[in-house]
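Using the sequences plus the hints, can you model the full thing?
Chain by chain, the residues:
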Amino acid sequence: MIEIIPGDPASFMLGINAEPDTVHALKKELGLDVSKFERYYNWITGMFIGDFGVSYTYRVPVSELVMARIGVSVPLALYAIFLSTLIAIPIGIFSASNHGSFKDWSFMGFTQLGIAIPNFWFAMVLVLIFSIYLKWFSAGGIPGWDKGFLINLKALTLPAFALALPQASILARIMRSALIETLSQDYFRTARASGLTFFQAVEKHAFRNALIPVLTIIGLQFSFLIAGAIIIENVFFLPGIGRLIFQGIIQRDLIVVESVVMLLVFSVIIVNFLVDMAYLYVDPRLRVKK
Amino acid sequence: MSILSIKDFNLYIREKQILHDISFDLNQGEVLGIAGESGSGKSLTALSILNLLPNYSRKAGYIYFDDKCISNLNDKEMCKIRGKDISLIFQEPMTALNPLKTIKEQVAEPLLIHGNCSMKKSLDIATYYLEKVELPKTITSNNSYPHELSGGQQQRVLIAKSLVLNPRIIIADEPTTSLDVTTQKGILDLLKNLVYQKGISLLLITHDLAVLAQCADRVAIMQSGEILEIGNLEKVFKTKKHPYTRKLLNSVNYSPIKKDTKSKKVLLSVKSLTTSYYNSKSLFLKKENKSKILNDISFKIYEGEILGVVGESGSGKSTLVKTILGLQNIEKGEILIKNRKIEANKFNDLKIRSMMQVVFQDPYGSFNPRHRIRRLIAEPFFLLNTVLTKKDIDEKVYLALEEVGLSPSDSNKFIHEFSGGQRQRIAIARALITKPKLIILDEAVSSLDVSIKAQILDLLVELANKHTLTYLFVSHDLSVVQNIANRVIVIRKGEIVEEGKAKHVLSNPEDSYTKTLVEAIPTISKKLLNGGQIAN
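These protein sequences, in sequence, are chains A and B.
Going by our numbering, 88 is the number at position 88 of the first sequence; the sequence numbering is gapless.
Going by our numbering, 1342 is the number at position 342 of the second sequence; the sequence numbering is gapless.
Source of the hints: derived by calculation from the structure; they are not laboratory data.
Model, not experiment: these values are computed from the prediction.
Don't be surprised by glycine CBs; every beta carbon is placed ideally from N, CA and C.
Treat the hints with care, as some may be off.
Derived lysine-lysine pairs resembling DSS-like cross-links, with alpha carbons at most 25 Å apart [as the list claims (entries may be wrong)]:
#, chain 1, residue 1, chain 2, residue 2
1, B, 1076, A, 103
2, A, 204, B, 1101
3, A, 204, B, 1080
4, A, 204, B, 1121
Quick look at which bits of chain B chain A covers, simulated, 3 or more residues with Cβ under 8 Å [stated by the list, open to error]:
#, stretch
5, 1070-1083
6, 1086-1095
7, 1106-1120
Partial list, derived from the structure: chain B residues whose beta carbon lies under 8 Å from chain A [to be verified]:
#, residue
8, 1050
9, 1052
10, 1098
11, 1099
12, 1100
13, 1145
14, 1147
15, 1161
Written as structure tokens, this is what we have:
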């Protein structure tokens, strides 16, 4: 698909005034002179042996580019998921246990706001407050993992938080409604009738049952995180996958774009598979007895 | 000596008064039964004792446990009583257990909460009690989860859970209502024995007077939040002092008068019918895991008769209904209605479809809540070939509504505006509208209260006599079938074990399975009922 849209990497690299001969020579060097089908075949077969091709602009293997950037993107995604779960679950539990009260309504109002705010704008507000005004965090960039764990974690905090906010808002709402549902279940009443206090009963019975729909959403959110990361990584100037794909599109470095998209597809599939496996752990009804 | 005493207890939910001046005593070691129809406030009375009331409720009055007032305790103090001194067993065992935890963990839980018991010791005690409630070794020795157990077994687990801390009082709220008769008998016997052995007081809440007649020492009759009558079981049942008590007792074993039909014309014949379900159909492997639901079933329904089909859950009753309706594949055999063959999942033969209508158990779930009654009832008209004008439809709908005892003005209402009994009347009106030959009643009165049940049975028989309708009356409730059906077939594990005249089969059963079924029906003995004046 991307191959078909107008815009030729070779002519883009050499500028508008380049001689046709030079363009042709570069095309040959990049392997762009053969037919589209042949290029597609080479790309697909190459992928099986871990060869994603060579970037048009950087002139290094795509796999190398990707490997260098995974070190930023994966920790960022995990950190964001961790933060969003950490924020969402207590809010969900709190709102559900005060269901219908003013506290519940005000928290749900905040989550509505969290969903409505575009995360790049929120990211810029975070930078304004915490980097420029309070000077607690740097405004962007990452020192690199060889400089120590905590310093990198600190650099990732603002972007992860910006990424996590809308996800946490959605998750908190799901957690709340799932928990309200389980609170009206008979087994919750049974637990209360056998002498557990409200919070003991939530902890021992309702929470795990409410977790099942929440797990589904966490799995689905992973792909939103990736989409969000493309923007957030640009705002914070992080050398991650999102930034790579963005640069790839601007520079018509099609092979990079295609390969990264492919990689993201794989990772979404893998994450959803892991979520399905997590169901088995949580819900004994899904385990088949041999 | 009274162990629990309730004095002038009132309950309001959202400022609407639900319970009016409830007062009663529960004595040490006795079984007190509370009977009443749905909405009478019997469950809320139980929940009030443990202060597990819904939000927005306000209460007034006193509850004493062991001469100590517990109605003004806060939640933390109540938690020390719940499960330890007073435990509760609920109606729906299928949903009353947490699906994600093993039954042993759940039975052991009260021990961990109240008993300062180590994890291991509490699990041992749990196992002991699980054996005591007569659960099979395969369940008690493994770490079973609730979904691996049947409804009756789950109720046993809940009984075990309520027993682990040797409570002084057990409150059982409809403990057997969702269970089969044979299972019900087992559970009631178990409860009774345990209560007598340990000297526990039991507060048994049920809508089924026959169940009370079997277990209770004293009974209280409740209606719309009030206790009408309370006293010795024999005295209450014999004197029938209160008119409502009389009405309830008369509704039990209610038998409408029906014409005995002598027609020899066969309406529906089922010939050696076999159907199976395929579970775990694999996408890749051709291995089929077949379980036979109906096995070589043959019977005939004659025009104008009421044929009862009886069996426990899982016996294949519902599958039989589905197969007759053409919603389930026939593996072998055939079904003929008026010599037309019924084929599964073929909906083009409107003639066959217009000859059969069905009334299901759940009168709410079987209606689209977004449509008005007029549209709901008029729905089967598409089965007729003739095109009807709006006026025709209206007239027919009004007529059908009047026939089932509702008024034409009800046709503009929605289904949620009606009570359970009225909904079932609407379902019957819908079934009647195309003037079918055969009406299949699939547990049509099972979820109704006794007095409503009697009214619906009356209506059914009246309509059958008037329009010469044929009914296939499917039910797990033998006493109802006995009272309405002309003939009956008894199904067990997909096979017919007995067939014959209803009165005969159910009073002198020949097959051993039918015998156990009949024996398990809780009945109010004649002696109890006829002791006092005969009610009019």
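Verification of the hints:
1. Of the supplied pair hints, the one linking residue 1076/B and residue 103/A holds, its CA atoms being roughly 23 Å apart against a limit of 25 Å.
2. The suggested pairing of residue 204/A with residue 1101/B holds, with an alpha-carbon distance near 9 Å, which does not exceed 25 Å.
3. Taken as a hint, the residue 204/A and residue 1080/B pair is honoured in the structure, with Cα atoms around 17 Å apart against an allowance of 25 Å.
4. Distance check on the hinted pair: residue 204/A and residue 1121/B sit about 19 Å apart at the alpha-carbon level, within 25 Å; holds.
5. Only when three residues or more bring their CB closer than 8 Å to a CB of chain A does the claim for the stretch 1070-1083 of chain B stand; here the count is 7, and the claim holds.
6. Under the rule that three or more residues need a Cβ within less than 8 Å of chain A, the assignment of the stretch 1086-1095 of chain B holds, with 5 such residues.
7. Given a C-beta distance limit of less than 8 Å, the hint that chain A covers the stretch 1106-1120 of chain B holds, as 4 residues qualify and 3 suffice.
8. Here the hint on residue 1050/B is kept, as its CB sits about 6 Å from the closest CB of chain A, short of 8 Å.
9. Interface restraint check: residue 1052/B against chain A, minimum CB-CB distance 6 Å, threshold 8 Å, status holds.
10. For residue 1098/B, the suggested interface contact is upheld, since its CB lies about 4 Å from the closest CB of chain A, less than 8 Å.
11. This hint holds: residue 1099/B has a C-beta 6 Å from the nearest C-beta of chain A, less than the 8 Å allowed.
12. Interface hint status for residue 1100/B: upheld, as the beta-carbon distance to the closest one in chain A is roughly 5 Å, under 8 Å.
13. At a threshold of 8 Å, the smallest CB-CB gap from residue 1145/B to chain A is about 5 Å, leaving the interface hint in force.
14. Hint on residue 1147/B holds. Least Cβ distance to chain A is approximately 5 Å, under the 8 Å limit.
15. With 8 Å as the threshold, the beta carbon of residue 1161/B comes within range of chain A, its nearest partner Cβ sitting at about 7 Å, so the hint holds.
Figure legend: structure checked against the earlier numbered hints; every hint is met.
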